[in-house]
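**Q** Protein chains in written order, with numbering that gives the first Met the number 0: chain A, 0 to 259; chain B, 0 to 267; chain C, 0 to 155.
Just so you know, these hints were derived from the structure itself, not from any lab.
Be aware that a few hints might be false.
Unchecked claim - Subject to a maximum C-alpha distance of 30 Å in a straight line, what follows is the list of computed DSS-like cross-link-like pairs (lysine-lysine):
no.	chain 1	residue 1	chain 2	residue 2
1	B	K34	B	K65
2	B	K77	B	K65
3	A	K139	B	K65
4	B	K77	A	K139
5	A	K139	A	K231
6	B	K34	B	K184
7	C	K52	A	K190
Claimed, not checked - If you want the footprint, here are the derived chain B segments under chain A, 3+ residues with CB under 8 Å:
no.	region
8	87 to 96
9	105 to 116
To be verified - Chain A is nowhere near these chain C residues, computed Cβ spacing over 10 Å in every case:
no.	residue
10	R40
11	E46
12	T76
13	Q88
14	T90
15	G117
16	V136
17	I140
18	I141
The structure displayed is predicted, hence computed values, not measured ones.
Cβ atoms here follow ideal geometry from the backbone N, Cα and C, with glycine treated the same way.
Spelled out from the first residue to the last, the chains are:
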Amino acid sequence: MTGAIQQLGIDTLNSLARLGRRAQFLLQTLSGIGSLLWRPGLVVAQLESVGVRSLVIIVVSGLFVGMVLGLQGYNTLVDFGAEESLGVVVALSLVRELGPVVAALLFAGRAGSALAAEIGLMKATEQLDGMAMMAVDPVKRVIAPRFLAAFIAMPLLAAVFSAVGVLGGYVVGVEWLGVDGGAYWSQMQGKVDLYEDVYNGVIKSIVFGFAIAWLATFEGYDAQPTAEGVAKATTRTVVQSALVVLMLDFILTALMFGEI
Amino acid sequence: MTSTDDNLIEIRELRFAHGPRVIFDGIDLSVPRGKVTAIMGPSGTGKTTLLRLIGGQIAPDAGAIKVDGLDVTGLDNKGLYALRRRIGMLFQGGALLTDLNVYENVAFPLREHTDLNESLIRALVLIKLQSVGLRGAQMLMPSELSGGMARRVALARAIALDPMMVMYDEPFAGQDPISMGVLVKLIRELNDALGLTSIIVSHDVAEALAIADYVYMISNGRVVQGGPANELADSSSEWVRQFMGGLSDGPVPFHYPARDYAEELLER
Amino acid sequence: MNTRATEIGVGLFVLLGLLALGFLAVQVSNLSSMGNGDGYRVTARFENIGGLKVRSPVTVGGVRVGKVHAINYDMHTFEAVVVMDIQPQYTLFPEDTSASIFTAGLLGEQYISLEPGGAEAILQAGDQIMLTQSALVLEQIIGQFLFGKASESGDL
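Bound-form chain A, shown alone:
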């Protein structure tokens, strides 16, 4: 019994220490971002691996999610004779929720895990130590560009996801099921508000991008320098990112749209 209590105490202290390391790490990373102004090439290279290589999965997923929304929305709306509102349903779902959230989940799986694994592997193979001994700060040289690239890529990917999704809904609703094309767009434009919906969606994706960038780079940097440690860091990145994104989504939604 005392053993269990003791273990609980140790675990609590460990998580506190982890939280402290996390905060410290974020401060170091953020202070390293300034120096990237003189070396944009580092960020561009990371945008390639984090952003461009996530594009295919984002476009394909966005298209299918939009098409499913078109199909489901049509089937529900047609019962009320309100299938003209299909555009509103598709666009609002995507812009407010599914675009930022699903894109963030995919991004965590595709880019976040890769970031954590890459950084963890660099640590395990002493590349980070090697840099530090060459008087190059690994946080500035390795972490900060990756953090910034993930932070920039996420809102762009979420926007692509939503835009492709709206087009996917158009294909299913208008081209296949025969909803009036003019109504699809005009109802959408009438009901989707630039500030209330689009801006808030973008803000969500920016917050998610920050969270995933932070989690992924930290887990890689804090990984045990072994094969097992890197594997754990990768898993933790994906699991934690998913949980954090969904929790943040609820909080942000309550703040933006709720009247709690």
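Model the placement of chains B and C on the given structure of chain A, informed by the hints.
**A** Here is chains B and C on its own, set in the frame of chain A:
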């Protein structure tokens, strides 16, 4: 050997513990300038930790570490980084940056720390690669190199900024005889040709003794023996003789401490 | 080195992302129908606006010509004051245009319908529409209906 000027590194009364495990329990150690000094001891004695302490990557619990007259423990980040520019280090696995090819790896410290133009960087990189015999491998990626080649590239990178000293972490571990011979030759030649000071951490007795001018033996957190390499063979310490001769039994027992053998066997 | 290819790829990626954002702003949302600076504002007073909201549509003969900009309450006259933004291309409404609050469909959203009158003078920016008809509240209609039925049966 006692005057500070002759010694590049002076370590006094160094204590370091990793959690409950005491790794160094009051170590005194001097590394003379221009010489090759080997630090030897069994695995797990914290030889690598010693290099990290010298490089200021970790801080000791007590004691002083002076490198070229500078107290490493008292340096701020800026001072530490300035010092590290004058120190080359060869990690066990080479620690090459896996996303850059051989040429770019050697150019890395030059690009990070100097504003040299491309043609000058190219010349310097080619000189360094030529000195380790791998100029022909400049376009290969680290994953295409053998372990020995990776270490030679890392060596070229370590000397790219013409440091005052190079630290080698287990340079011979896991190498075939040929690359071992190549590395032994390189370390000695580079040390003499570039006027470096070299520190080698190793447990490969024959190779370390072949190139070292001075040897320190570390065991159980203490320096067991230190001095010129040629005096080591006739050491009075039984432990040193066991380590040097690679004997299976001696002061370091063959058996892990256990209960009485007969008693445990007869137990039900 | 393929730095150039990387740069072009990343450039395309950023461009695509910005285009998607632009698409969401222009094609998906109501940015195109906002035009705040160009239009003109008129006000109207209603006894009851029902479920009218800011940004509800303003139509003439079913054509959308503007939106509700603000809804205030006048404590002296106990009336709701609705400020409407009318798009600049829709001018020349007569001064005696009337405004009514209708519901789109049985349970749909509420909107303001303008009905042009016959006066010579033209409605100017800042003017107030004098003739208004409040929103029909479903409970009131039902109540009136039942009341009417009751009085009918009382007569018999």
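**Q** Against each hint, give a clear statement of whether it holds in the structure.
**A** Tested hints:
The straight-line distance between the Cα atoms of B/K34 and B/K65 is roughly 17 Å, inside the 30 Å bound, and the hint therefore holds. The suggested pairing of B/K77 with B/K65 holds, with an alpha-carbon distance near 17 Å, which does not exceed 30 Å. The suggested pairing of A/K139 with B/K65 holds, with an alpha-carbon distance near 27 Å, which does not exceed 30 Å. At roughly 14 Å between alpha-carbon atoms, B/K77 and A/K139 fall within 30 Å of each other, so this suggested pair holds.
Restraint check for A/K139 and A/K231: the C-alpha separation of about 24 Å stays at or below 30 Å, so the hint holds. Straight-line distance between C-alpha atoms of B/K34 and B/K184 comes to about 15 Å, which keeps the hinted pair within the 30 Å bound. For the hint pairing C/K52 with A/K190, the CA-to-CA distance comes to about 12 Å; that is within 30 Å, so the pair holds. Note: the region 87 to 96 of chain B has 7 residues with beta-carbon separation from chain A under 8 Å; the three-residue rule is met and the coverage holds.
Beta-carbon proximity to chain A at under 8 Å applies to 4 residues in the region 105 to 116 of chain B; the threshold of 3 is reached and the given coverage holds. Under the 10 Å C-beta cut-off, the non-interface status given to C/R40 relative to chain A holds; the minimum distance is some 19 Å. Under the 10 Å C-beta cut-off, the non-interface status given to C/E46 relative to chain A holds; the minimum distance is some 26 Å. For C/T76, the requirement that its beta carbon stay farther than 10 Å from each beta carbon of chain A is met, with the minimum near 29 Å.
The Cβ of C/Q88 sits about 17 Å from the closest Cβ of chain A, beyond the 10 Å cut-off, so the non-interface label holds. In this structure C/T90 is separated from chain A by more than 10 Å, as the shortest Cβ-Cβ distance comes to about 22 Å. Annotated as non-interface, C/G117 keeps its C-beta farther than 10 Å from every C-beta of chain A; the closest such distance is 30 Å. The claim that C/V136 is not at the interface with chain A holds, since no C-beta of that chain comes within 10 Å of its own (minimum 22 Å).
Listed as a non-interface residue, C/I140 keeps its Cβ farther than 10 Å from every Cβ of chain A; the least gap is roughly 22 Å. Every CB of chain A is more than 10 Å from the CB of C/I141 (nearest about 22 Å), matching its label as outside the interface.
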